[in-house]
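Protein chains in written order, with the numbering used here: chain A, 697 to 996; chain B, 10 to 327; chain C, -16 to 275.
Calculated from the structure, these hints are not laboratory results. Misleading hints may appear alongside valid ones.
As the list claims (entries may be wrong) - Pair by pair, the computed Cβ-Cβ distance ranges are:
1) B:122 / C:35: 30 to 40 Å
2) A:765 / C:216: 42 to 52 Å
3) C:146 / B:48: 35 to 45 Å
4) C:188 / A:838: 28 to 38 Å
5) C:147 / B:141: 47 to 57 Å
6) B:193 / A:845: 33 to 43 Å
7) A:925 / C:146: 18 to 28 Å
As the list claims (entries may be wrong) - Among the chain C residues that face chain A by a calculated CB cut under 8 Å, a handful are:
8) 78
9) 80
10) 141
11) 142
12) 183
13) 222
14) 246
In this text, all values refer to a predicted model and were calculated from it rather than measured experimentally. Built from N, CA and C at the ideal position, the CB exists for glycine as well.
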Amino acid sequence: MPDLLRLIVEPGFFSSEPVQVALIAGGIVAVVSGIVGSFAVLRGQSYAGHALADISVTGGSASYLVGVSPLWGFVGVGVLAAGVMDMIGVQRPRGRDLATGIVRGTGLGLAALFLYWDTTHTSTTGATITILFGSMFTISSSILPVIGLFSVVALGIVAVVYRPLLLSSVAADLAAVRGIRVRLVGAMCLVAIAVAVSLSAMTIGAILSTALLVGPAATGLRLTSRPGLAMTWAAVIGLAATWLGVLLAYDSFYWPPEQHGWPVSFFVVTLIFLFYLLASPVGRRTARRVPAGRPGLAGG
Amino acid sequence: MTDREASGGSAELLRAEGISVWLSGREVLHDVGFSLGRGEFAALIGSNGAGKTTLLKVILGLQPVSAGTIQLAGQLRGRRHPVIGYVPQKIQLDPDMPVRARDLVGLGLDGQRLGLPLPSAGRRARIDEMLHAVGAAQFGDARVGNLSGGEQQRVLIAHALISRPQLLLLDEPLANLDIASEQDVVALLSRVAREQQIAVLISAHDMNPLLPVMDRIIYLAAGRAASGTTEQVVRTDVLSALYGQHVDVIRVHDRILVVAGRGEAEPVPPDPAIHPHGPAVTGPGTAPEVAGPHRPETAAGPGQATAAEEATTTVRGR
Amino acid sequence: MFSGFMVSTWTVASIVAVVAGVVGFFVVLRGAAFVADAVPQGAFAGAAGASLLGINTLIGVGVAALLGALGIGWLSRRGRRDVATALALVVMLGLGALFLSFSVQYAPEIYSLLFGEVLGVSATEVAPVAILAALCTGAILLFYRPLLISSLMPELAEARGVRAQRMELLFLIVVALATSLTLPVVGALLIFSLMIGPPAAARSVTDRPVPAMLASVLIALAVVWVSIAAAYETNWPVGFFVGALGAACYAAGRGWAAIRRSRSGAADHRGRGGRGASGAQEHGLQAANVRV
Chain A
697 MPDLLRLIVE PGFFSSEPVQ VALIAGGIVA VVSGIVGSFA VLRGQSYAGH
747 ALADISVTGG SASYLVGVSP LWGFVGVGVL AAGVMDMIGV QRPRGRDLAT
797 GIVRGTGLGL AALFLYWDTT HTSTTGATIT ILFGSMFTIS SSILPVIGLF
847 SVVALGIVAV VYRPLLLSSV AADLAAVRGI RVRLVGAMCL VAIAVAVSLS
897 AMTIGAILST ALLVGPAATG LRLTSRPGLA MTWAAVIGLA ATWLGVLLAY
947 DSFYWPPEQH GWPVSFFVVT LIFLFYLLAS PVGRRTARRV PAGRPGLAGG
Chain B
10 MTDREASGGS AELLRAEGIS VWLSGREVLH DVGFSLGRGE FAALIGSNGA
60 GKTTLLKVIL GLQPVSAGTI QLAGQLRGRR HPVIGYVPQK IQLDPDMPVR
110 ARDLVGLGLD GQRLGLPLPS AGRRARIDEM LHAVGAAQFG DARVGNLSGG
160 EQQRVLIAHA LISRPQLLLL DEPLANLDIA SEQDVVALLS RVAREQQIAV
210 LISAHDMNPL LPVMDRIIYL AAGRAASGTT EQVVRTDVLS ALYGQHVDVI
260 RVHDRILVVA GRGEAEPVPP DPAIHPHGPA VTGPGTAPEV AGPHRPETAA
310 GPGQATAAEE ATTTVRGR
Chain C
-16 MFSGFMVSTW TVASIVAVVA GVVGFFVVLR GAAFVADAVP QGAFAGAAGA
34 SLLGINTLIG VGVAALLGAL GIGWLSRRGR RDVATALALV VMLGLGALFL
84 SFSVQYAPEI YSLLFGEVLG VSATEVAPVA ILAALCTGAI LLFYRPLLIS
134 SLMPELAEAR GVRAQRMELL FLIVVALATS LTLPVVGALL IFSLMIGPPA
184 AARSVTDRPV PAMLASVLIA LAVVWVSIAA AYETNWPVGF FVGALGAACY
234 AAGRGWAAIR RSRSGAADHR GRGGRGASGA QEHGLQAANV RV
C-alpha cells in the first residue's frame, strides 16, 4: 500500500512549501471560478470571461511599468474592462461578443505595447511567457490572504444577487416585470467574473483562468438540472482537476525530460477537458428525462 | 384579503386612459382606454402587429408612452405597485440551462429577493401545490428548456400565479397550442380568475376560443381600441368605425367572424400569416383605404396626460 | 519605408487585409467573434509544437489552426458554441504550454508570433501566402450564397437543401486558413481585430451584403497600411496599432449607426407634432374608442 502511494505521490509532495501554496491558492481559485463560472456559462459569457483574463494580464504587465503592485493592476484593470464591456455591450448576444472582441483587441494591443516597453527597458523576455502562462509553483505565500479576500468579494457579489441573477439569466422579461434591474444585475455579475478571473489569471495564468471558469461549470450543467447543485459540481470538479494537476506536475519532475517537469496548466486543462467529455453521456440522459407531454407518461 | 382593503373596496383593478405609443416612426397605439375589474376575464383581440404586445408592455411598465396613464387599483402606475403576473408568449431557453420547472416557479415567489435562498419545507409545498394546480406536476423536475410549448406555458402560468397577483396578463397564450390544450388553458385561466378574484387579461388574435369565458373584450385595430362586452363591441357599426372601413360581423353557430368589406373573409384559424390580402386587418398606416377622411382624428398629445385627474371624477359606466 | 525589403511586407499585409475583410464579414455576420479569436491562439500552440519538431513554423500554424477549428466544430455539436470554443482554445493552449516547456530558446520568436513583427516577412513567404489567400477568398466567393443564407436564416437554408453543419464546417476551415496566413504579419493575438473591427464598421455603413464586404476589405486595407507605417516609424508592435485602429473603426461604426437612428427618431417627433388635428369625429363614436 505505501508503495502504491509512493507511485502516485512522489516524495516530498506534501512537505514542499511551493506545493502547499499552489494547492491552497489553486484550490481557492478553482472553487471561486467554478461558482462564478456557472453564471458566466449560463449567460453565454464564456468569451467575456476569457477576454477579461487576458485584459487583466495587460493590467498586470502595465503595473510593472507604473510600479504598482501587480494585484491592483490585474484586478483593477479587469473590473474596469468589465465596466466598459457592460457599457458598450448590447443586449443581443452577437453584439455583445463583438463588443467583447473589440475591448479585448484594444486591451491586447495595449499589452503588446507595455510588454514591448518592458522588454526593451528591462531585458526579461521570460516575462512574456510567465505573464501569459503563469506559474503555479512560484506563487508567494504572502499573497494568499489577498486571494482569500478577493475571492470572498467575488462570491459575495454572486450570493447577494443570486436569485435576481438567476431569473434574469433565464428569462429577462420575467425579471423585468418583477422590478429587477436586469442591466444592473448583469453588470454586477460581470464584475464578479472580472474579479474571479483576474485572481486566477494572476496566480495560475490566463489559460487556466479561462479553463477553470468555463470547463467545470459546463460540466456541472450537464450533470444536473438543479442550479445550486450544478454550481457545487463545478466547484468540486475544478478543485479536483487543479489538485490532481498539481500532483501530476510535481510527479512529472521525475519523468522525461529529467529535472524539468511538465507545466501544470497542461495537466489541469487536460483533466478539465476529460471531465467534460466524460460528462457527455450523462448529460444526454439528464436531458432526455422529459415526458412526452401527455399526462401519466413519466420520463425515462 | 388585503387586496380589497388596498383598493378601498372598489372592484376596479386596472384602468388605462388615452394611451398613445410611437414605435419606429409609427403610431402603434392611439388614445386607447379601457378598464378591468377584479375577477373579470378580458380578451385583448387584434391581429398581428395591431399593438397587443405593446399594450401589455405599457401596462407592465416596460414600454414608455407618449400620452396616457395606467392606474392600478386606483393609483397611478409607479415603481411600487401591486404585483402583476405576466406570462410571455414564449421564452427562449437552451436545453442545457440548469433550471427545472419547479425552480422557475420558485423564482416566481422570491426571484427579486437578494441573498441566498434558504430551503424551507413551506416553500417547497407551495411550489408543489402550484405545479399541481396548473397540471404541471409530472414534469416539475424537467429542465424548462426541454419542455414542449404547452408544458412550458403551464410552468410560466404557475410562475406568474404563485406570488398571488391581483392582475394576470398573458401574451398570446393560445397561439401555438392544439385545440385540446387550448381548451385546457382557457378553462384553467377562467377558473383561476373566478376563484382567486384575479383580473385576467389575455391577448389573442382569434376571439372564438375565449367567447365562452370572457366578460369583456378590448378590440384593437388600426392602433385604436373599442372595449366593452362582446355584444357591445363586436358589431358591424362599431368595428367598421374602428377599422375606418366597412367590415361585417357574422355569427355562424356560436362563432364570430369579422369579414372585410369586399367580401374577403378574415382568416379565423390561428395562423393569420395566411392573409389573402393584408391591409384590411393589420396595424395603422398599412391600409391605404383608411388614410383618407374616414379616419377620425382626435386631439393627441399632452392634453391627455391630465385626463387622469378628470377620470377619477367622471363617472364611467360599465 | 518603401525600400526593397519592405515590399514583401506591404504585399503580404495587403493580401492579409483583403482576406481579413472578406472572412471577417462572415465572422461578424455569424456572431463568431470568439471563434475568430480562439483559432489564432490555438494556432500559436501549433507554432510552438512545429518549432519543437523542427517543422516549418507556418505549417505548424496551419495544422494547429485547422485542428483547433475542427475541434470547435466537433465540440459545438455536443454543447454550446461558446463553451466549445473556450474548451478547444484552452486545450490547444495547454498543449502549447507543454511544447514550450520542452524548448526554452524561442522567446523572441514567440513574441513576434503573438504580437506581430513588421520585418518578419521574407520575400519567399509572399508566394505561399498569396496562394492560401486565393484559396480562402475563392472558397468564400464560391459558396457565397449558401453561406450567406445559412448565416442569416438557418431554417430557410435547411429548406433549400443547404446543410447548416456543412456551411459551419466550411466557415471554420476558412477561418483556420485565413488565420494561418495572417499570423506572421499581424500576430496571433490581434488578427481577429482585423476580422472584427472593419467588418463591424462596414455593416454600420451599409446594409447590403456585397457593398458591406467591399467596404470591410477597404477599411481593413486602410487599417493595415496605417498600422504598418506607424509600426515602422515608432518601432512599436504592429499589433498595437491594429488593435487600436480596429477599435476606432468599431466605435466609428457604432457612432454612425447612432446618428442614423437619432435622425429617424427626429422624424418621429416631427410626425407627432404635425398630427395635432382638431377633434373632428366622423361617426359619433368617441374617437373610435368605445368605452362602455
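Hint-by-hint comparison with the structure:
Judged by the Cβ atoms, the range 30 to 40 Å given for residue 122 (chain B) and residue 35 (chain C) is violated: they are separated by roughly 55 Å. Evaluation of the 42 to 52 Å hint for residue 765 (chain A) and residue 216 (chain C) yields a failure: the beta carbon distance comes to about 34 Å. Between residue 146 (chain C) and residue 48 (chain B) the Cβ separation comes to about 54 Å, which falls outside the hinted range of 35 to 45 Å. The given range of 28 to 38 Å is broken by residue 188 (chain C) and residue 838 (chain A), whose C-beta atoms sit roughly 53 Å from each other.
The hint said 47 to 57 Å for the Cβ distance between residue 147 (chain C) and residue 141 (chain B), and at roughly 41 Å that hint is violated. For residue 193 (chain B) paired with residue 845 (chain A), a C-beta distance near 55 Å fails the hint of 33 to 43 Å. A hinted range of 18 to 28 Å for the beta carbons of residue 925 (chain A) and residue 146 (chain C) is inconsistent with their spacing of about 37 Å. With a cut of 8 Å, the hint placing residue 78 (chain C) at the interface with chain A holds, because the nearest CB-to-CB distance is about 7 Å.
With a least beta-carbon distance of about 5 Å to chain A, the hint placing residue 80 (chain C) at the interface is held under the 8 Å criterion. At about 20 Å, the closest approach between the beta carbon of residue 141 (chain C) and any beta carbon in chain A exceeds 8 Å, and the interface hint on this residue is violated. The closest approach between the C-beta of residue 142 (chain C) and any C-beta of chain A is roughly 23 Å, which is over the 8 Å cut-off, so the hint fails. Hint status for residue 183 (chain C): holds, given a least beta-carbon distance of 6 Å to chain A, under 8 Å.
Here the hint on residue 222 (chain C) is kept, as its CB sits about 5 Å from the closest CB of chain A, short of 8 Å. The interface hint given for residue 246 (chain C) is broken, as the beta carbon of that residue sits about 20 Å from the closest beta carbon of chain A, more than 8 Å.
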